[in-house]
Structure formats: C-alpha cells, structure tokens
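J.: One-letter residues, chain by chain:
There are 2 protein chains.
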Amino acid sequence: MTDTGHPALRPLPMPDLGRSFPGPFAISPHAHAIEQQALQWLGEFPLISSPRAREVLCNITGHGIARTFPTADQDGLFLCADLLLWLTAFDDAYGEATGARDPAALVRRIAECVHLLAGHAEPPGETSVFGAALRNLLDRLRQRATVTQYLRLTAHLRDNLFGMLWEAQHLDHPELVSLSDYRAMRPHTVFVRTVMAAAEVTLDYELTEAQRSSAALRELESAVADLAGWINDLASYRKEAAQGGPAPLSLPTLLMRAHDCDLGEAFRLASRMCEDEAARAGALITDLTGTGDGEGALGEHARALQSIASSYVWHIAHSRYRS
Amino acid sequence: MTDTGHPALRPLPMPDLGRSFPGPFAISPHAHAIEQQALQWLGEFPLISSPRAREVLCNITGHGIARTFPTADQDGLFLCADLLLWLTAFDDAYGEATGARDPAALVRRIAECVHLLAGHAEPPGETSVFGAALRNLLDRLRQRATVTQYLRLTAHLRDNLFGMLWEAQHLDHPELVSLSDYRAMRPHTVFVRTVMAAAEVTLDYELTEAQRSSAALRELESAVADLAGWINDLASYRKEAAQGGPAPLSLPTLLMRAHDCDLGEAFRLASRMCEDEAARAGALITDLTGTGDGEGALGEHARALQSIASSYVWHIAHSRYRS
Ligand SMILES: [Mg+2]
Ligand SMILES: [Mg+2]
Ligand SMILES: [Mg+2]
Ligand SMILES: [Mg+2]
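So the protein sequences, as listed, match chains A and B.
Start counting the first sequence at 1; every next residue gets the next number (this note's numbering).
Start counting the second sequence at 1; every next residue gets the next number (this note's numbering).
Simulated from the structure, these hints should not be mistaken for lab results.
Among these hints, one or two may not hold up.
[To be verified] Cβ-to-Cβ under 8 Å is the rule here; a few derived chain A residues that face chain B:
{"#": "1", "residue": "GLU44"}
{"#": "2", "residue": "PHE45"}
{"#": "3", "residue": "ARG108"}
{"#": "4", "residue": "VAL114"}
{"#": "5", "residue": "GLY125"}
{"#": "6", "residue": "THR148"}
{"#": "7", "residue": "ARG152"}
{"#": "8", "residue": "THR154"}
{"#": "9", "residue": "ARG158"}
{"#": "10", "residue": "PHE162"}
{"#": "11", "residue": "SER178"}
{"#": "12", "residue": "ALA184"}
{"#": "13", "residue": "MET185"}
{"#": "14", "residue": "GLU209"}
[Stated by the list, open to error] Here are the simulated distance ranges between beta carbons:
{"#": "15", "chain 1": "B", "residue 1": "GLU209", "chain 2": "A", "residue 2": "ILE27", "range": "49 to 55 Å"}
{"#": "16", "chain 1": "A", "residue 1": "LEU179", "chain 2": "B", "residue 2": "GLY244", "range": "36 to 42 Å"}
{"#": "17", "chain 1": "B", "residue 1": "CYS261", "chain 2": "A", "residue 2": "ALA242", "range": "50 to 56 Å"}
Where a beta carbon is used, it is the ideal one built from N, C-alpha and C, also for glycine.
Required output: the full structure, derived from the provided sequences and hints.
T.: Spelled out as structure tokens, the structure:
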C-alpha cells in the first residue's frame, strides 16, 4: 500500500464520455410537466412516504426522461416517467439492503407483480399500493403499445424484478459474483433494457424482427446496456461505500478483486471500459443513422439509443448520486 | 384429536373428476416416439445423471404429453416434451429442497436462464448444460412459433423460474404463505400456464387478442390452472410429507391451517375444490366448443384446454407421485 492521504478524500478517475456523447443534450419542452405529473401520480399512488424523497425522485425523473426522449409527446413521457418511478420506488422500498435482509419478503412482494404482469388482473389477495400502481401502468401501456411491444416490455419488467432479487441475494456477498455474471445482470438492475424497449412505445415506431435481430443493433443495445450500468456504478460508488458493510456490489469492487488492485486503479479500468463502450456505441449510432438506414424505424431506434445513452451520461453528474 | 389409527395408513379422500373429465383420454400415436426422443435429447444434454431417474421422467413425460396434445404433429410433441423435461429437471436439480438450502445459488442458476430468455444468446460466462439445453429449446421454439407466441411462452418460462424461487424461499416456512398467495403462484410452479401457452405453438393456431381476453376463456384458463396445481398437490402430498421436515408447501397444509382441521378434512375440502373447478372448466369447454364457437381458434383452444386438464387428471394416478 503506497497510497497516501485518506482514501475517502482522494479524487477518483472518471470516464470522459464527451468525445462519444458530446453535450449539450437535447431536452424535451415537457420536462417541468413530467415532474408535476409525477408528483401527482405519486399522490394517487403513494409509493414513497417521505415528501422530500418524493420531490427529489420526481425532479430527477422529470429531467432524466426529458433527456431520454426529448422528442416524445407528453403522454408517452408521462407513462415512461411513471414506469421508471415505479421501478425505482419499488427497488428503494423492498430491494437493496431491505431485500438483502429478508429475500423471502422481497419474493412475496414480487409475486404480486408477477401475477399482474402475467395478465391475471385481479390478484386473489389484497392489492398493495405498488400492485395498484403497476396495474395503472399496465393499463396505460396496453392502450398505447402494440401487442408485441407490450409483451416485450412486461418481459423486461420481470427481468428487472428478478434483477432486484439477484442483487438482494448478493449484496452482502459480492465475492460470489463473477465479472461475467455481473455483466449479464447489471443491465436489468439499472433498468436500461426496459428503457430501450420503452423507446418504441414512447416514440411510436416498431422495429421489424429482421431489424431487431441485426448484429449491429444487438451490439449497439449491448454497448448502451453496459454503459448505463457502469456509469451508474462509478457515479454512486462513494455513496454506496459510505453506507458501510461489505464492499458495494459494483463494477469497481469486482475489478479490484479480478485485477488485485486498489480502488483508484479499478476506477481507471472502469473508466476506460466506459469510454470504450461509449466509442463502440457512438460508432454504431453513426453507422445506423447514416444515409439510407437513417430513414426508417432502425434509424429512429438508433437515435433513441443515442438519447438514452446521453441521459445516463447526463445522470453521472446529478445530485441523486452525490453523498 | 379423535383420530384413530396411524395417520400414514389412513386412506385420504381424493376428488372424483370423472364426471367432468371422463376417460378414457385420447392418446397420440407418437407416445413411444416422444419417450425415445426425450431419452436421446437427454443424451445430448445430460440434465439428469441417474439413468433410472432419466428413464422414469422420459416415460411419464412421453405418456403425459401424448395425452396433453393427442392430435399434435411429432415435432410439436418433441419440442413440448423437451420443454417440460427441462423445467422438471431444472426444478429437481436446483429447486425445491436444494433451492431452499441455498436460494442465492438458485438465483445464480436462474440468472443464466434469464440472460438467454432475454435474447442475449451468448452469456458472457461459461454456459452450463442447462443453459445449452435451454438455448436449443429457444432455437427450436423460434423456428416454430410466431413472434407473439415466442414472447408469451418465454414470459411464462420466466414465471416458472420465479415460481421455483418463490417455492424455495417458502418450502420451510409454509406459515408465511397465505391461501391467496398460494393460489396465485401455484400455476407457475406446476408449469400449467406454460403448457397452455404451448398449445398454440404445438397445435399451430393463434388466438386473436379479442379471443384471448374474453371473460369465458380467461375463466377457463384460470380453472384449469387451479385444477392442475391442486391435483398435483393431492397426488404428491404423501410422498412430500414422507420426506420429513416442515409440512409440505401444498394445498392440504394451507387448508389445515385456514380451517384448523386435520389432514383428512383438508383432503375432503381440497377434493371438493378440485371437483368444483373441474365442473367449472367442463361447462366452459362445452360452451366454447358448442355450435358456432367451436370452429375457429377459440374452439381449438378450448379443446386443447380440455386435453391439458385431462392430462393432469390422468397424472393423478401415475407412479411418479407414488411414494
Ligand atoms: Mg438499485
Ligand atoms: Mg448504483
Ligand atoms: Mg416442483
Ligand atoms: Mg407436488
């Protein structure tokens, strides 16, 4: 150990993503309306009891979604924002440390959601406030989405809920998680594949199956999926580490173990990984939005992925992740 | 306690389902071929190490699927049988008591499957034999199914995997499970909704959204879903109870608690519940296959639900559930 100075005070290297995703990022004129509607929706479905936490979450969600889909119509933005609020509030209420303390209780909470996602609208038991809110979201989604869009999105929601369970089971045991396991599960816990699937519904286009399964698009989606999780990991590491207990279940922790290095070196490695993924994503977006391809749904989807990635790049600096 | 005689020797009342589902049940001419193909598939993907267990499972699966879809073509039957084999073998290998001992290990096993179900064909880490077999099944399913059929079926597979986790978390704590929780989750642990979704793929028809969401069809599917789980519970209770430990996570256990009654009375109640669901299902099948309705996909689906229900009725007597 040749480090000097208190580790908590040492600045950690962060990725430079401006080359691949240069700001300023476009923002929807509805940003304020999204925030107001989100507050109202949480009034109807009180998923968060603390008024302060509610305000903070609605603010970041409003600004985040306004950057995620800057050209979307208001109803699409409202639905998307409420969906993200729901996931985040569920994770905060029952996932993470709470879920790690009692995974069986988290499983029972998720069971209600699985019942609703499977389309059995009336759970035989009592409906929780999260169940009622999810039902509201699924009704609105059913109105707006095609059948396949609905099926895709609800599949991703199941994966998000499973991701929370996976995280809860490993939060206190990051040593049981390999880098490749982490890489496979992280997109689900950061909800990014759900956001990518929501793009079609929010912006009102539909990929053909051939477009969806093209190698370029799959590679682009996987680059954005990685990038989103890793950015979040770097942005929130300090806050998570400050909570004490085992090392955060986060990319830097796994890199320290894999490379037998210190936190600064792990951040350097992770930053490089982010920059590489951002460059890969940027190049694929350029390809897919170039002459010819840029016209149809594929070009539209590539532009959506660009603004989705940009919203995560924007998030890196937002206060939710400051201690 | 006014009971006399050793409880394990007392005969327990079983439902009389012959009025609603009178045998003999039609059986596919491919029954033997299904069994042979299943053995071959398990040779390629060795999911079960004991040769005896492999033979027993292929035999019951061959005979079960041949009764589930007596009119299906051979390829459809093979796919369906392998899917059921996979689910059963996964549950036997990692779910139930094994899952209850180490739910985090079960979560990691499921994580690989979720990755494949989400369509990310190459898991970043090593592929297990269950992963390789699942990939084979998904490839075959993609060949045969429409996009929506594929999405529906893979959603049900996720729900089955979640059901195994739910069961593992509660196997030693049936007291944490309410009757309504149980009723909501039981169809997923017995795989019956997956079988109902597989009907369209196996028999080559597709319901319209209007047909799928009709009240009569939803009620019929829910009756068959209940019936399948409850029949299995009654058929396997003795075997599960003989393993010792806490009371089986099974309908009779929950009914004993809810009604503060003994096992005989719980079996009487459960048998009555089965008979009522069978009667409800039988009447709906008669309606939906009657004049006019019986022609299109809706009639075809109702007939498929009839043979699916019959296969569970048939299962009640099969040796897998004898101690
Ligand atoms: Mg989280
Ligand atoms: Mg984080
Ligand atoms: Mg089982
Ligand atoms: Mg059983």
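J.: Provide an ascending list of the numbers of those earlier hints which the structure does not satisfy.
T.: 1, 2, 15
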